[in-house]
Amino acid sequence: MSKSLRINKNNFIDQTIRVSFKFNGQKLFGFKGDTLASALLANDIHLVGRSFKYHRPRGIMTCGSEEPNAIIQIGNDPSSTEPNVRATEIELYEGLESFSQNCWPSVNFDIGGINNFLSPLLPAGFYYKTFMWPASFWEKYEFFIRHSAGLGKSPTKPDTDLYDHQYAHCDVLVIGGGISGILSAKLAAEKGLNTILIDDKNCLGGSTIYQEDDCFKINNEYSNKWLKKEIDNLKNYPNLLIKKRTSVAAFHGYNYLLAKENLTDHLGINERKNKIRQRLWKIRAKKVVIATGSIERPLIFNNNDRPGILLNSSIKKYIDFFGVKSGNEISLFTNNDSTYETAISLNKSGVKVNTIIDIRENSNSTLVKKVQKIGINILWSHTIVNTNGYKRIKSINVQKLSADGENVVGKKIKINCDCLGMSGGWTPMVHLFTQSGGKLKFKDENYIFIPDINKSPSDQISVGSCNGIFELDDLITNTIKNIKIFLDLDKTIYDNLNVICSKETEKRNIWLLPSDKPLSKTKPFLDFQNDSTAKDVKLALREGFKSIEHVKRYTTTGMGTDQGKLSNMHALGIIADTTGTNMGDLGTTTFRPPFTPLTFGSIVGRNVGEFFDHIRKTAIHDWHVENNAKFENVGQWKRAWYFPKNNETMFQAVQRESKAARDNAGILDASTLGKIDIQGTDASEFLNRVYTNAWSKLAIGKCRYGLMLNEDGMVYDDGVTTRLGENHYIMTTTTGGAANVLSKLEDYLQTEWPELDVYLTTVTDQYSTISICGPRSKNIVKKIIPDLDLSDANFPHMSFKNSKIDNVNCRVMRISFTGEHSYEINIQSNYAKDVWIKCMDAGKEFNITPYGTETMHLLRAEKGFIITGQDTDGTLTPSDLQMDWIIGKKKYDFIGKRSLYRSDTIRDDRKQLVGLLTEDPLEVLEEGAQLVEDINKKPIEMLGHVTSSYFSPNLKKSIALAVVRGGKKMKGKKLIVPMENKNINVTITDTVFYDKENKRLNA
Amino acid sequence: MFIINCPYCGERDQSEFSCGGEAHIERPKQPTELSDDQWAEYLFMRKNIKGIQFERWNHAHGCRKWFNVVRDTSNDKIHAVYKMGERPPLK
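Residue numbers (our numbering), protein chains in the order written: chain S, 1 to 1003; chain W, 1004 to 1094.
Incorrect hints may have been included.
[What the hints assert, rightly or not] Examples of chain S residues lying across from chain W (beta carbon under 8 Å, computed): (1) Tyr254; (2) Gln750; (3) Ser899.
[To be verified] Cut-off 30 Å, straight-line C-alpha distance, at most; resulting in silico cross-link-like pairs (BS3-like, lysine-lysine): (4) S:Lys744 with W:Lys1068; (5) W:Lys1086 with S:Lys443; (6) S:Lys282 with W:Lys1068; (7) S:Lys441 with W:Lys1086; (8) W:Lys1086 with S:Lys744; (9) S:Lys439 with W:Lys1050; (10) S:Lys481 with S:Lys286; (11) S:Lys455 with W:Lys1080; (12) S:Lys484 with W:Lys1080; (13) S:Lys439 with W:Lys1080; (14) W:Lys1068 with S:Lys617; (15) S:Lys744 with W:Lys1050.
No wet-lab data here; the hints were simulated from the structure. Note that the structure is predicted; figures quoted are calculated from it, not measured. C-beta: ideal position from N, C-alpha, C; glycine also.
Based on the provided sequences and hints, a complete structural model is requested.
Shown next, in the form of structure tokens:
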């Protein structure tokens, strides 16, 4: 470590604990309390990365979240490496590995640096302008563009860290732990309010905590000493929760805020095990105090981006807080008084300040006088016209500004320096205020946007420098005054503070500083990360872009990872100057959440892996698992898909199951079907209104299939409903549609038909359903329920019986989705697995075969039964499905009825459901494949698509269902299914392929 | 993420509710007597106001009751909440 860059005196770094870390493979040392940036600077490393477009060498520029250049890859573990991390925000820990981004082969020698010399060829909109033509070359361009796009490298393996979410409710949330935030939090806590104070650093106090100067005193003490005592005293308030290392990412309406707390990123790798890495706080606050402070602006001049150029306030923080000299020969460039604090700090620590270049004509504040007394050379009314040094600044060229500030005059002075500070004034951090819906106003004297208190959402207040107040005395007075009103306080502990501070009187602002060269020959950077310059903004204006939002996107100004925190204001200023507009009228671009990037881990929290979504299992699930079932997801349900035996493929298993169900007997777990219990004196009338067919005459003990439409006439859901009693029905719905059907029915009952006496209860989970089908199903049911008369006369198809299995009540329906003679046993779910096993035992002699959803789908397709959501897609009417028979023509009204004869729904050429047979009976179509008539006519006319397709083991041929334009009238017509390598010939048929006479239902 | 004062349960987070679109669109009593245009007006046409809007909301993850909300869509401020069948407070 270069000894000369670390000074010994300071309070914030523990110089007894050395921390080793690596940067680009080089082993270095820092101290506990350092950030990666301060440790690098202490090792005399400024060059940390390359800019995005021109690959110019770039150095650390700031000390906070606004850093545009020091964007680093952290770690090289494939599951935890993190790209685009700001070196200024990373706390140093033992074993930290860090790498520069966007450079190859190394940050010192980067091939992409050639772009810097090609920059005249790479103006704003270069990609838009260049890669437009010829269009067919896009695929070739894309390879190169993709290669050069992006900054860091994403992790390639799943994140193994733990993340957490926590809700918090409080009376007052204070955002920002600078002096205004501390005062606010303390006043709130003092009043007994439940208060949360959040700060993104690991140390409270903002920049005041290292402001030790005669010019700034509170109650006759240095401002930092006074504030330190106030902070130490905060722990005495049990009603105050302080969250450090926590940054507010978003401020939504109704004072709902998201904040990310870093819990382990500052710990050594070995200390992190089994700890939560980050916690996302979801905070609902009755009142919010925004005390987010302000950040310093750069100045916009020729070659203002070289490594070694920092913001003045950052140079001050590095020396006063971290004890690190940013250089040994420092020049400072400014337009305001705060820079003189930096000069005093540097001088106090024995760092040579060459010269202060100030664009103002003079200033007589106590701060400036003190600097003059020290003997630092100040060049008033001067500007920097160029900087020299490729990988580190070596010297600057300075010239006098003309009176109007648009040109430079006089002799050019060269000043050597190894570090240059700059300050273009201060920008209030109004991001969170605008996120919450607040509107800004422009304050001309400071060239800043500040919260407009007349257009601020209620129950929040901005205090301190984020409110555009920069002088310590005004800031304290204002904060206390406003918090008193906001929190309704009479007297406070801060009512008689005596504050002394240096006052700034002289101001001058020039958005784009002139050079001795014409603008076209200079590089005044605005967005350092995206390499957009003042020239690009002016070009955009010349090319006709007017809106700030358009200029931003065209030039990419403000679109780097810092989101324009540093120099959006300059872009606005230059646009205003160039177009002769007032900045206040121009407005700002929209500040969107998050304020600083969030990790995906913190957003997702614990909802990963098995907790990603709810998993619903039937009561019989364990049996399926034990019997080697493969499962498919249907909504949140796990449904048995098929039961492979030995080494069967899915195809083989499904063929076997399908054959067995028709030859002997099959058994299916149908418990996932939605079940809604409907009771009430108007239950029949209600069903009349929600289904297309008539229900009043359905006898007790009978079942009926129903089709439910949306009000637009399109098929929504289907299922069998059984009349259990005079005023009692049980409705079944599709598995995936159950929740939505219930919601829809409740909606109609509550809002359109409140006069109906009907009660709906979902009983999907309470009852399990075991379906037994096939010619030998009757034998099996007979064995399980010997008392039940299964004769067709007593128990015909589409009827139901109450019965008992071992004294447990059950409902048995004789209904069929396979076309076979079939029973559905509905029983309380906690008995379901036992009954299922009983069925399996009873069925053994009849060769009972368990089957899953795939076989169920195949069997119903043989019969031409639809599956809503597979054969329908919300654009098919009952008539399109060739199910006109189910529409109750005599019914006055039902949901969707009027839509069935709208001009659009009665068209002949609507897509209609048909059957398909392939010319080659072994050829199975792909579901979703297109159907065409003429493949030579270009463009090929798409007539429809395949919705269901299987090889039927019972018919020994391929069958399919499809929707085809005008399909109803096309029976017998030959169509083509064009596939990637071949064309498949098909013929349109009936939708029913098997047992058209329904003989098997009563077999 | 706003807070809705369910008329049956009290103040709850927005995530417990689902929005059912514009309120006070009554299903025609005699749909069969309507022309295609009249039916289409009921079926498809909805306002999408920037400002005060009358909406239907359902406390889907709570009491499952439907009710009406008067909301300013420009800032999500809720001006009134009232039960189904009740007269809108300000219109």
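Each hint, compared with the structure:
no.	hint	result
1	Tyr254	holds, 5 Å
2	Gln750	holds, 5 Å
3	Ser899	holds, 7 Å
4	S:Lys744 with W:Lys1068	holds, 12 Å
5	W:Lys1086 with S:Lys443	violated, 47 Å
6	S:Lys282 with W:Lys1068	holds, 27 Å
7	S:Lys441 with W:Lys1086	violated, 41 Å
8	W:Lys1086 with S:Lys744	holds, 18 Å
9	S:Lys439 with W:Lys1050	holds, 27 Å
10	S:Lys481 with S:Lys286	holds, 20 Å
11	S:Lys455 with W:Lys1080	holds, 14 Å
12	S:Lys484 with W:Lys1080	holds, 26 Å
13	S:Lys439 with W:Lys1080	holds, 16 Å
14	W:Lys1068 with S:Lys617	holds, 28 Å
15	S:Lys744 with W:Lys1050	holds, 22 Å
Checked against the numbered hints given earlier, this structure breaks hints 5, 7; the rest are met.
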